[in-house]
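Using full-length UniProt numbering, the first residue of the sequence shown is number 1, and each one after it goes up by one.
Treat the hints loosely; a few may be bogus.
Said to hold, decoys possible - Between beta-carbon pairs, the in silico distance windows are:
id	residue 1	residue 2	range
1	S410	G617	29 to 37 Å
2	R618	T680	40 to 48 Å
3	S410	D616	17 to 25 Å
4	K529	D174	56 to 64 Å
5	T236	K529	52 to 60 Å
6	G297	T371	50 to 58 Å
7	V575	Q85	39 to 47 Å
8	E433	N69	19 to 27 Å
9	E444	I260	24 to 32 Å
10	Q344	P793	35 to 43 Å
As the list claims (entries may be wrong) - Distance condition first, Cα-Cα at most 30 Å in a straight line; then the derived BS3-like pairs of lysine-lysine:
id	residue 1	residue 2
11	K519	K491
12	K326	K594
13	K508	K529
14	K469	K519
15	K508	K491
16	K375	K407
17	K491	K407
18	K223	K326
19	K537	K519
20	K519	K508
21	K190	K133
22	K594	K751
Hints listed in this document are in silico derivations from the structure and should not be mistaken for laboratory results.
We put the CB at the ideal spot given by N, CA and C, even for glycine.
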Amino acid sequence: MTETFIHDEDLDLNDFTPAMRQFIEVKRRYPETLVLFRMGDFYETFFDDAAKANRLIGITLTKRGKLKNGDPIPMAGIPMVSLDQYVARLVRLGESVVIAEQLGTPGKGLMERRISRIITPGTLTDTSLLPEKDDAVLLSVSRPAGKNAVWGFAWLTLSNGDFFATEVTDEQFDSEVARISPSEVLVSEKLRDAMRETHPELTVTPMPAWHFDAEHGEEALKKTFGLDNLDAWGVTGKTGVLAAANALLDYTAETQVDMIPFISPLKLTDESEYIIIDPASRRNLEISDTIRSEGRGPTLFSVLDRCGTSMGSRELRRWLNLPLTKADEARGRHDALEALAEDQDFSSFVERRLQGLPDIERIASRIALGTVRPKELAALRDALPLVGELNAEIAAREEVWFGLTAKTLSLPAEIFSNLEAALLPEPATLLREGDVIRSDFNEELGLLRQMRDNTGQFLLDLEKREREKTGLTSLRVEYNRVHGFYIEVSKGQAASVPVEYHRRQTLKNTERFITPELKNYEDQALSSKERSAALEKELYDGLVASLASHVPALMAAARALAQLDVVGTLARHAVEHHWVRPTLTARPGIEIIKGRHPVVETTIESYVPSDCRLGDGRRCLIITGPNMGGKSTYMRAVALITLLAWAGSFVPAESVTIGPVDRIHTRIGASDDLARGRSTFMVEMTEAAAILHQATDRSLVLMDEIGRGTATFDGLSLAGAIAQELVETTRSLTLFATHYFELTQLAVNLKEAANVHVSAAQTRSKIVFLHEIEEGPASRSYGIAVAQLAGVPAPVVRRARAMLTKLENREAAIDSPQADLFGDGLFFEGQTSSAAVLEAPAEPDPALREFAEAVAGLDVDSLTPREALAKLYEIREEAVKAAKGI
């Protein structure tokens with residue numbers, strides 16, 4: 001069965017049952033979405049959807065009926081009670097789901113069905129479907145026609161109402177997408193294939209081109225927010241943004257069906273507000289996602305995240321992924337951290353209050369949608385006194401940051417009073433379970449509940465009265481679900497019942513009767529449960545509606561609480577790990593004294609701190625040293641310290657002074673992109689090219705082993721040329737790690753370059769990594785020692801040492817101590833070819849060469865003392881012969 005079958009215009013729907021016709025009509029409306037079709041206690045899928053659901057989540061594939069040609073119709077169902085569990089799995093796999101709900105009473109003809117929910121990766125609002133510590137972001141992308149047109153981005157987070165937009169050039173596209181980290185991307189149908197090809201990692205949802213209409217977008221925004229114009233938002237005339245916003249609002253309205261989400265006023269952002277971190281750098285720095293293939297391992301976020309609330313964890317993730325460029329804002333965060341770090345009583349008070357708070361941000365979002373659960377409202381009610389205590393405490397602080405936070409924490413008193421008056425202390429989890437609203441909140445509800453809950457006592461009282469009135473000792477008043485309420489009397493006494501008793505049922509030994517009083521009570525009692533449930537729903541909906549007007553205030557308070565949680569968490573981490581407050585200056589440069597990697601220092605017993613000084617007169621550090629010596633760790637530590645400082649955190653160092661940074665670029669590691677036909681070296685050069693085009697004199701650039709993916713001279717030449725461009729033209733703050741020792745000559749020829757190296761020591765049998773950064777170039781690479789340490793077989797290591805000896809002997813015959821591609825002015829002046837510089841000397845005497853190779857090939861460490869003495873005598877004998885010319 002294929003999807004073309006469903007969409008075949010010649011398909012005769014009369015060949016199907018009425019229910020199947022309903023399914024096909026829904027599927028035609030949502031061709032790329034899994035349709036879950038309610039049938040009794042199951043949500044069924046059919047045709048290709050059934051096969052897809054079976055493949056993705058393993059539900060049993062069966063069949064229902066047959067097509068006209070005799071083929072069975074595939075079917076797979078999800079139990080109603082397990083819907084959320086399976087939908088969550090589908091959404092995690094990037095699938096969108098349409099829920100077709102049945103209406104009416106079963107058994108009374110064809111069931112009407114309507115779309116109740118459309119669940120997509122970017123429009124999640126249900127707590128059970130959303131990641132606890134991350135947001136689902138819906139991004140809409142539009143590219144207006146025109147030669148110099150820029151992309152329009154609009155994105156929305158339904159779980160908190162954040163609504164942003166920006167204009168993006170082709171060069172900024174990937175960085176902006178990585179910064180937003182969307183769960184789903186809306187594009188016009190004509191861009192679908194290109195977007196899926198260039199960004200296979202994204203969940204791309206195509207929409208008809210007419211949704212991306214700037215004129216309609218302007219009208220939609222004005223209507224949604226009740227505005228006459230959009231001048232205050234700064235989006236007037238920005239056709240790309242307006243077109244993207246229109247598609248976003250259309251899609252949101254369609255997926256949320258009858259629910260109206262809370263959406264904050266649109267904010268137009270500018271890339272200058274945050275430090276730009278390109279996608280490769282985000283991966284390499286492992287800010288919130290690990291680069292390990294299995295997806296496990298520590299990240300900066302996972303190490304720091306000890307927030308007391310899930311909304312705090314999400315805010316921490318935002319801070320780390322969006323480091324600021326405004327020094328005053330970052331310093332405000334530093335002030336708050338310093339106050340909490342220095343006042344442990346204050347810090348403990350804040351921590352205790354935050355630990356008792358629910359996810360107010362998502363509760364507020366679900367209040368706006370009308371889908372909030374009773375338990376969530378009860379949690380909000382119980383949290384409001386704690387919020388009040390926090391507000392009073394931080395309002396008394398001198399720091400400006402706490403004063404601003406306290407203003408948004410001041411919530412209207414009626415929120416608590418409404419919740420306290422309406423909700424039971426421990427309401428049921430779901431409204432349909434009943435017992436959510438207090439009985440004394442509504443007089444009618446109290447009476448209905450009394451009737452519902454006190455039936456047993458009423459029957460006992462009635463039985464006692466009727467026995468006394470009639471004198472019938474066998475009389476009993478009872479109830480069963482089949483016959484309802486009745487008065488039962490033995491056969492022998494049945495003739496003595498009063499005239500108002502009407503016979504209801506005759507049994508072998510008893511007669512059952514009903515009285516007008518009992519019948520009236522029966523009608524009321526049997527309907528009291530349904531009536532109380534209906535009234536309770538009405539009252540609950542009214543309560544939620546009364547809270548809807550307070551959603552903006554609740555959202556603002558939730559964001560303030562989340563930020564307070566973040567500064568408290570960062571302050572505790574700073575105290576426990578001896579982090580310090582960084583100094584942010586207006587002068588470009590980085591000075592780090594005894595800096596440490598914030599993640600690595602938590603995973604090893606002893607971390608060796610290192611210094612870094614970059615700025616005027618010293619804009620590039622050429623870093624040499626052995627593999628595994630710590631070059632990459634050192635560079636990442638500098639980048640992460642810079643990121644943390646501008647995110648508003650303290651940093652792992654003895655002291656740090658950092659100037660303005662507009663971008664962080666890294667070129668670290670080797671990886672290919674075979675899906676797009678790019679080799680490891682092509683990926684390396686592509687990333688290097690992007691850095692050279694985008695980096696500025698305020699950018700921090702990390703280059704690790706550039707040029708190693710090609711031939712030696714090609715790689716050496718490219719590495720040298722790139723380093724020179726970064727120093728002389730771009731003038732970025734650059735850490736340039738390399739194994740090309742020739743590049744150390746750049747520090748001689750380039751004014752603002754300097755050499756540093758990772759120290760190591762080698763004994764007779766092994767290499768010892770000291771992990772300390774020292775001034776000057778490394779004396780050697782220790783490559784063979786590292787290979788031995790990695791477990792390369794001893795014969796291979798001996799052979800490598802022998803070959804190295806040959807090469808070093810050859811190099812020794814050249815005038816310079818090393819084949820220097822730069823020292824003689826070749827690189828800078830282009831006087832001669834590299835082949836001339838590296839031309840091999842005349843071959844040495846064959847006998848001498850053979851003798852040297854034999855000595856170099858000795859595995860001294862594996863010789864016993866007797867064997868070593870014997871070898872020493874042999875060598876002495878050969879040396880005597882050579883000296884005599886034998």
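Going through the hints against the structure:
1. S410 with G617: 29 to 37 Å: Given about 51 Å between the Cβ atoms, the range is violated.
2. R618 with T680: 40 to 48 Å: 32 Å, violated
3. S410 with D616: 17 to 25 Å: 47 Å, violated
4. K529 with D174: 56 to 64 Å: 59 Å, holds
5. T236 with K529: 52 to 60 Å: 57 Å, holds
6. G297 with T371: 50 to 58 Å: 36 Å, violated
7. V575 with Q85: 39 to 47 Å: 41 Å, holds
8. E433 with N69: 19 to 27 Å: Hint violated: Cβ distance 47 Å, outside 19 to 27 Å.
9. E444 with I260: 24 to 32 Å: Roughly 29 Å apart at Cβ, these two residues keep to the hinted range, so it holds.
10. Q344 with P793: 35 to 43 Å: 57 Å, violated
11. K519 with K491: The given pair, whose Cα atoms are some 22 Å apart, holds under the 30 Å limit.
12. K326 with K594: 26 Å, holds
13. K508 with K529: Not OK: K508 and K529 at ~33 Å, beyond 30 Å, violated.
14. K469 with K519: 18 Å, holds
15. K508 with K491: 8 Å, holds
16. K375 with K407: Given pair K375, K407 holds - Cα atoms ~28 Å apart, limit 30 Å.
17. K491 with K407: Violated, because 78 Å separates the two Cα atoms, which is more than 30 Å.
18. K223 with K326: Given pair K223, K326 is violated - Cα atoms ~34 Å apart, limit 30 Å.
19. K537 with K519: 27 Å, holds
20. K519 with K508: 24 Å, holds
21. K190 with K133: Answer violated: K190 to K133 is near 34 Å, above 30 Å.
22. K594 with K751: The hint holds at about 26 Å.
Checked against the numbered hints given earlier, the structure breaks hints 1, 2, 3, 6, 8, 10, 13, 17, 18, 21 and satisfies all the rest.
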